Each structure stands twice: as C-alpha cells, then as structure tokens.
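Please put together the full structure from these sequences, using the hints given.
In order, the protein sequences belong to chains A and B. Per our numbering, the very first residue in the first sequence carries number 1; after that it's consecutive. Per our numbering, the very first residue in the second sequence carries number 1; after that it's consecutive.
It is worth saying that the hints were derived from the structure and are not from the lab. Everything numeric in this text was worked out from a predicted model, so none of it was measured. Ideal Cβ positions, reconstructed from N, Cα and C, are used throughout, including at glycine. Be a bit skeptical, because a hint or two may be false.
To be verified - Here are the simulated distance ranges between beta carbons:
| no. | chain 1 | residue 1 | chain 2 | residue 2 | range |
| --- | --- | --- | --- | --- | --- |
| 1 | B | R373 | A | G39 | 22 to 32 Å |
| 2 | B | D54 | A | K3 | 57 to 67 Å |
| 3 | A | K3 | B | S424 | 41 to 51 Å |
| 4 | A | P23 | B | P236 | 39 to 49 Å |
To be verified - Under the rule of at most 30 Å between Cα atoms (straight-line distance), these lysine-lysine pairs were calculated in the DSSO-like manner:
| no. | chain 1 | residue 1 | chain 2 | residue 2 |
| --- | --- | --- | --- | --- |
| 5 | A | K8 | B | K95 |
| 6 | B | K459 | B | K273 |
| 7 | B | K20 | B | K459 |
| 8 | B | K40 | B | K95 |
| 9 | A | K3 | A | K17 |
| 10 | A | K17 | B | K95 |
The chain contents come next:
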Amino acid sequence: MDKELIAKLALAAGLGKALADFPDDVAMAAEQALGNQGGIAYPADPAAEPWPPMRAGSGL
Amino acid sequence: MSDLHWLTAAEATRAFATRKLSPVELMTALLARIERLDPKLHAFIRLDADAAMDAARAAEAEIVKGRVRGPLHGVPIGIKDIIDVAGLPTTCHSKILVDNVAKADSVVVSKLRAAGAIVVGKLSTHEFAIGGPSFDLPFPPARNPWNPDHHPGGSSSGSGAGVSAGLFPLALGTDTGGSVRNPASCCGIVGLKPTYGLVSRRGVFPLSFTLDHVGPMTRTVADNALLLDAIAGHDPADPGSAPSTARHFGRMLDRGVRDLRIGFVRHFHETDKPAHPEVTAALEDAARVLQAAGAELRNVTLPSLNEFAAVNRVILCSEAWSIHAPWLRERPGDYGQLSRQRLLPGAFINAGDYVGAQRRRAQMIATVEDAFRDCDVLICASSMDPASRIEDAAETARTYPRQARTPFNVTGHPAVAMMSGVSSNGLPLSVQFVGRYFEDATVLRVAAAYERGTDWHRKHPSLT
Numbered sequence: 001m002d003k004e005l006i007a008k009l010a011l012a013a014g015l016g017k018a019l020a021d022f023p024d025d026v027a028m029a030a031e032q033a034l035g036n037q038g039g040i041a042y043p044a045d046p047a048a049e050p051w052p053p054m055r056a057g058s059g060l
Numbered sequence: 001m002s003d004l005h006w007l008t009a010a011e012a013t014r015a016f017a018t019r020k021l022s023p024v025e026l027m028t029a030l031l032a033r034i035e036r037l038d039p040k041l042h043a044f045i046r047l048d049a050d051a052a053m054d055a056a057r058a059a060e061a062e063i064v065k066g067r068v069r070g071p072l073h074g075v076p077i078g079i080k081d082i083i084d085v086a087g088l089p090t091t092c093h094s095k096i097l098v099d100n101v102a103k104a105d106s107v108v109v110s111k112l113r114a115a116g117a118i119v120v121g122k123l124s125t126h127e128f129a130i131g132g133p134s135f136d137l138p139f140p141p142a143r144n145p146w147n148p149d150h151h152p153g154g155s156s157s158g159s160g161a162g163v164s165a166g167l168f169p170l171a172l173g174t175d176t177g178g179s180v181r182n183p184a185s186c187c188g189i190v191g192l193k194p195t196y197g198l199v200s201r202r203g204v205f206p207l208s209f210t211l212d213h214v215g216p217m218t219r220t221v222a223d224n225a226l227l228l229d230a231i232a233g234h235d236p237a238d239p240g241s242a243p244s245t246a247r248h249f250g251r252m253l254d255r256g257v258r259d260l261r262i263g264f265v266r267h268f269h270e271t272d273k274p275a276h277p278e279v280t281a282a283l284e285d286a287a288r289v290l291q292a293a294g295a296e297l298r299n300v301t302l303p304s305l306n307e308f309a310a311v312n313r314v315i316l317c318s319e320a321w322s323i324h325a326p327w328l329r330e331r332p333g334d335y336g337q338l339s340r341q342r343l344l345p346g347a348f349i350n351a352g353d354y355v356g357a358q359r360r361r362a363q364m365i366a367t368v369e370d371a372f373r374d375c376d377v378l379i380c381a382s383s384m385d386p387a388s389r390i391e392d393a394a395e396t397a398r399t400y401p402r403q404a405r406t407p408f409n410v411t412g413h414p415a416v417a418m419m420s421g422v423s424s425n426g427l428p429l430s431v432q433f434v435g436r437y438f439e440d441a442t443v444l445r446v447a448a449a450y451e452r453g454t455d456w457h458r459k460h461p462s463l464t
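See the structure below:
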C-alpha cells in the first residue's frame, strides 16, 4: 500500500503520534484493514439489512 | 478431606452443608496453593487475600447458623481483570488503566455476591482482551499449568490457568472472538460463551458491543451450569441484554443425548483450517462417544471459517476503534505492541465495510439458524492445535487464528469448549458444542453426556 496514502489516512484519523513513533504498526494496520475487504461476501441484495435492526423503545 | 484444591464448587457446597468442610478451610488451602504456584503461573493481577479470608469467615458463620445466602455460598471465584469489582483495580492488564479502581461492582459480580461466592482477586488477561501473550505490559502474562512454557490461551488467560491449576474452582472470563473458550481449550477446562444477551455486560470494559459476552469457566460441566445460573438474567441497563427467562441451566445434565440430532461441522477442521492430526482424532472420538450414547450424527456445512473470521475482525476492529481512538491518538506508546497492532486497523476501516460486515452477519445467522432446523446441537473444533510455546511469538501468531470459535461470536449462539484429550506433548486438546439461542441448557446437557463418557475432566496438570 502506498506509504503517502497511509500517512494521509493516519493523519486524518488523528494518528500523528502513532505514525511518528510506530510507523510499522500503522502501516501493518492499514494493510490489514484493506485485506479484510476481500474476505467477505457482502450481500448483493440492496435490501439486506444489518442485524439486529433498530428496536425502538426497548432497553434504552 | 484431601486435595481440597480439586474440589468442584458443587462438591464444596455439599461439604459445607454437611459440615465436612468449612469455607475457611477451603480458602486457607487455596490461598496457600496460590502463594506457592502463582509466582510461576501469573494468573493473578491482584490477589485480595485478606478480604477473601474475611468473607470466608463470614460465610462460615452464616452457614453454621443455617443462613445460606445462595448456591455458591462460600465458594471462591476469580474475576478477569476487565470486569469491575468494587474497590479493586480494573487495569485491563494495561498501562493505560493501571491506576483505575472500580467504584462499583459489575452486574455479574453483584449477582455472584448475592449467590454467596467469594471474590479472591483479579486475573490476568490479554491487554484489553485483545492483545496476546505480551512481555511489554505492566504485569507478566499468565502461563499454562500443564506446562508453564506454553500459552494458557486468551484473552481470559488467568481465568483458564487458575481454574486448571486448582487455584479456585470458578472464574469469569469474557469472549469476543473466543476468549473464554480458547483458555478453556488450552488449559483443559470447561468454558461457556452463553447466548448473546443472556449475561449482563454492565461494568465490563467493552471491546466490541456486537460480539462481547461474559462466560463461566470451571473444571466440570455441572459447575458451569451452577455459575451460569448465578450470573444470567435480564439487565435493562445493558442495551444488548435479552429479556430472556432462561434459567436452571443444569436441569438437563443427566438426561443424556439419546435421540438428539448432532451436526458435525467437519469442514472447519478438515478443509477450512486443517487441524493437527491429534485434534482431528480427538474430535472424531468425541463424535463417537456421543453416538454411542444414542445421539444421531449428521454432517453440517456453514460458511467458511475465513469468512467468519473476516466478519468478526471488521466488526471487532471498528467497534474497538470507537472505544480506543482517544488513547491511540494521545498515548499509543502506553499500549503493548500486540494490542496496538490489533487495535489500529479500526482507524482504516470505512463505514461501508463495517455495515457490510453487519449485513453479512445477518446472513450468516440465517445460515446457522437453518442448520438448527435439522440439528439440536453442533459439534466442531475449538482450537486446531495444542497451545503454542508462550515465548515463541511466531508460533503463537500462526496458531492463534487457527480456531473455530469466532463463528459463534458473530452469530451469538451459545458455545462451550471442553477437554477432549491430551496431546503427545502433554497438552490438552478440545472440542466445542454449539446450540440454539437460549438453549444453553441443551449445550450443557450434551457437554455433560460427553463428560460422563470420558475421563478427561478427572485429569489435572501435575504442578509441583
């Protein structure tokens, strides 16, 4: 993954200190986050909702 | 009575009732054992010996007068150090919270006190229940009683090590990606992740709101049911708590498995993450034990372990980031390296991926629910390997994800892991049973039948 892009994303997430002190950890994290995308068969049906849906009024 | 440290909670309370043993005698024996063994095992972050002995004296006085508070009166229990116990530190095994003292009991600890249990102290964990066996934290990692050179599993490491070593008969752990069942598997004990929402999480430091569970860890199935009875129940202040009335989790332990339909998820350990041959052999043996006891066995196919793990990871990292972002921004150096590496990915996961993982989770739940139309309980692997050597970071990193526990954090079904054998290098092997929502009692029923059909629960680590 592009180092400059990782740095921009890390700074946008407020991780300037982590980027300065632990650049390898930040790079590894970005690579891992990107790697997750290929592993999931995201639902093709636009109407497939997350579970559980909002339950109005219960437990709040 | 001899070998008091191997008494189960059920045996101890029976002995208290018949005056064959007093809570003070039991506590004295356990504290002596802790003093002798814990310097090697590091199960404790904070031992609360004086308060525990005071509570044992009070329990003894009450029991003598016939005032039995509850089914665990006088029984010692250890608490994972992400669960609040009033007046004791909740450090989460981290420099970040090293000075944090809990102001109040968590709901589960309140319930334990009401049942009469005695908290002996706070137990080691992976940092914030996510790191790993780490040597760059304020406290050393717990070690495996079967061989202290090996990892006891995690993240409820001290809970697993302490129960297995006979430091206390009961412990609480938490389970977000398998953290009750992993130490149960590595240490040869019984660890249950209850149905999501059955046990309150209030007063427990969160890791992932969708995936977090509190669970009982014990040496026997009967004790597991006893402990679950004590901690289960609706909590209107926990948004994930279910208004379930499920109770008396030990009521079916003697019923056996005749006519139960048990689905074997073989692809988990045969093709998804091919298991160590000794794990595979022990799983097949476990299936045969249940078949011999009258269960009907059939094969079941679920989504792949890799996909369950990916869904778990995206949800866990996203939710954990929302909790840890302020500290990761300001104090990244105060985390151990492993937890920092495992928490930072949440900063790079976008909203679409998180919601997409939640949507896929809904489909996965539907698939597992479909499987339960034709089966009463599932049997599958827990860990694919015996415990790694604790100082072999590469081997721990290789074996840690080789497990079949995350599927049931993703779906929320109840799942118990327990001992199914001993490896050629003397470490416990494990099996997992999974049930329908709120049928935790059925899961324990199958576990009890398996326990009766084997001798594994009678085997203990030989500690000197």
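Hint by hint, here is what the structure shows:
1. R373(B) x G39(A): 22 to 32 Å: holds, 27 Å
2. D54(B) x K3(A): 57 to 67 Å: Because 58 Å falls inside the window, the suggested range holds.
3. K3(A) x S424(B): 41 to 51 Å: holds, 46 Å
4. P23(A) x P236(B): 39 to 49 Å: holds, 46 Å
5. K8(A) x K95(B): Satisfied, since the Cα-Cα distance of roughly 28 Å is no more than 30 Å.
6. K459(B) x K273(B): holds, 28 Å
7. K20(B) x K459(B): holds, 24 Å
8. K40(B) x K95(B): holds, 22 Å
9. K3(A) x K17(A): It holds: about 16 Å lies between the C-alpha atoms, which stays within 30 Å.
10. K17(A) x K95(B): Satisfied, since the Cα-Cα distance of roughly 17 Å is no more than 30 Å.
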